[in-house]
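Asker: Sequence:
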Amino acid sequence: TPLLGGSTIVTITSAPAPSNTLAGGQTLRTSIEEHPGGKGLLSEAQPDQADAVCCGHENTMYHVLARLPAIHTFSFLAFFLYFGHVWLLMQRPDIAVWIIGSFVTYGVFRFYMMWFGAWNALFLLRKNDVRDPEHWQKQVRPLGSMAFDSVWHAVIVPNYKEPVDKLRQTLDTIASQSIANRIVVCMGMEGRDPNAVAVAELLQKEYAGRLGGFCYSLHPAGVDGETPGKSSNENWAARCVAQYMIEGLRIPLDCITITTCDADTFFHPNHFSYLTHQYICDGEDRYHKFYLAVTNFLPNTGQVPAICATRFTVLSVGRMAEMGNPLLSPFPLAIYSLSLRLAKKAAFWDPSVIPEDWHMYFRCMYADGGQVSATKLMITVGTEAVVGRNYADTIKETYDQSVRWQWGAIDVGYLLVQTFARWDTPLLKRLQMLYAAYDHHLLAVVICVVLVAAPF
Numbered sequence: 002t003p004l005l006g007g008s009t010i011v012t013i014t015s016a017p018a019p020s021n022t023l024a025g026g027q028t029l030r031t032s033i034e035e036h037p038g039g040k041g042l043l044s045e046a047q048p049d050q051a052d053a054v055c056c057g058h059e060n061t062m063y064h065v066l067a068r069l070p071a072i073h074t075f076s077f078l079a080f081f082l083y084f085g086h087v088w089l090l091m092q093r094p095d096i097a098v099w100i101i102g103s104f105v106t107y108g109v110f111r112f113y114m115m116w117f118g119a120w121n122a123l124f125l126l127r128k129n130d131v132r133d134p135e136h137w138q139k140q141v142r143p144l145g146s147m148a149f150d151s152v153w154h155a156v157i158v159p160n161y162k163e164p165v166d167k168l169r170q171t172l173d174t175i176a177s178q179s180i181a182n183r184i185v186v187c188m189g190m191e192g193r194d195p196n197a198v199a200v201a202e203l204l205q206k207e208y209a210g211r212l213g214g215f216c217y218s219l220h221p222a223g224v225d226g227e228t229p230g231k232s233s234n235e236n237w238a239a240r241c242v243a244q245y246m247i248e249g250l251r252i253p254l255d256c257i258t259i260t261t262c263d264a265d266t267f268f269h270p271n272h273f274s275y276l277t278h279q280y281i282c283d284g285e286d287r288y289h290k291f292y293l294a295v296t297n298f299l300p301n302t303g304q305v306p307a308i309c310a311t312r313f314t315v316l317s318v319g320r321m322a323e324m325g326n327p328l329l330s331p332f333p334l335a336i337y338s339l340s341l342r343l344a345k346k347a348a349f350w351d352p353s354v355i356p357e358d359w360h361m362y363f364r365c366m367y368a369d370g371g372q373v374s375a376t377k378l379m380i381t382v383g384t385e386a387v388v389g390r391n392y393a394d395t396i397k398e399t400y401d402q403s404v405r406w407q408w409g410a411i412d413v414g415y416l417l418v419q420t421f422a423r424w425d426t427p428l429l430k431r432l433q434m435l436y437a438a439y440d441h442h443l444l445a446v447v448i449c450v451v452l453v454a455a456p457f
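By the count of the working numbering, the sequence shown reaches residue 457 at its end, each step adding exactly one.
Relax, there's no trap hidden among the hints.
The calculated label-pair distances, taken between Cβ atoms and stated as ranges, are:
no., residue 1, residue 2, range
1, Gln-372, Gln-140, 18 to 28 Å
2, Glu-202, Gln-244, 19 to 29 Å
3, Gly-223, Ala-199, 19 to 29 Å
4, Gln-407, Glu-202, 35 to 45 Å
5, Gln-407, Gln-304, 21 to 31 Å
6, Lys-167, Ile-308, 19 to 29 Å
7, Gln-92, Gly-284, 56 to 66 Å
8, Ile-100, Val-131, 40 to 50 Å
9, Gly-145, Arg-390, 54 to 64 Å
10, Gln-244, Gly-370, 19 to 29 Å
Think of the hints as simulated: they come from the structure by calculation, not from any bench.
Beta carbons: idealized from backbone N, C-alpha and C, even for Gly.
Make a model of the complete structure from these sequences and hints.
Answerer: Below you can see the structure in the form of structure tokens.
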């Protein structure tokens, strides 16, 4: 199955023999299997108390401002579809033409920027796709850098009632990494799933010997203030694996990256060696970085209706264009990595929200005083398009996914609160994030509708 850039998800490289001895001659994998929680279950977590803003009333503010996207959209459309047609075109057509011309110019500029970024990204993806498994290990790094083998990767795979075969697909691409012996997988299971423990223990038996470590967390249900979903699952799983790796295994905090992915993720075989190389080369900036590969939705687009395949293909090309544009610092999308130090500083993922990727980036940005930026990993990482029970159900599931993604628009309210409350973050950074979220979630939508309706 092809991924963007020419790589495939059927290319499997043999994982290296584990060589991860800890103090006392015990390996990380053995240590995890002998954890008192039993069978790799992690039940102890680090605290996640985030700093309060707005005198502790921030949740009330977020709740109120969650209505802002709907108010903005309806107000904007009402203005242009009624006031613009009834008064503006009749009384001041020059202003009307100027407004429409501005929208068209903005759209054309965005299109050509995307076109350039997409071609540039495709060139870089094809170049990195053919690297041999030892390429990144052999690269010259700055004098005095940490050793390549000193970096550990914690990979969280949050899931809820996912088919075992789908989880195996994801774990196969992790176990086939060129540095699989430096990767600890934590399956983020949900306590609401009656089969969670059985599935996690089955996968542990199959994959513990192919990785540096394998464990799982069981996210408790019904916790006050939490919203069921990926973000709350990640919060619990990250806190559990951080507690175990730092306090239990005594691995230095600064030597651990944490990666979150979907249950249907396909990693390139060199993904984590590339990540390790960039993490080391970034020096002290690594603790203020998000590491983003080029996410695409192409692994199974041939199995979904044409209207859905078109959507996911356009999304994939758009994401490739964002990553290939040297003028942009894109926000994370579904699958990303960061230092465990930064995640801990931000009190991990926010358990009270549905959207998690952009929100985690903003959360880290404010926790880190505006120093956060992205390092682009020009290598593909695939995730599947949603598939329903039949043709109609697949279209419905795709629509439902779009609705869930649009919940990210509530981040505009979150950013408004943080912009006025967090004066420890530079004003320019606050305004840049606010504009980026507004442009993506609100402005682009209404511009498209206004341009379509303009001739009428």
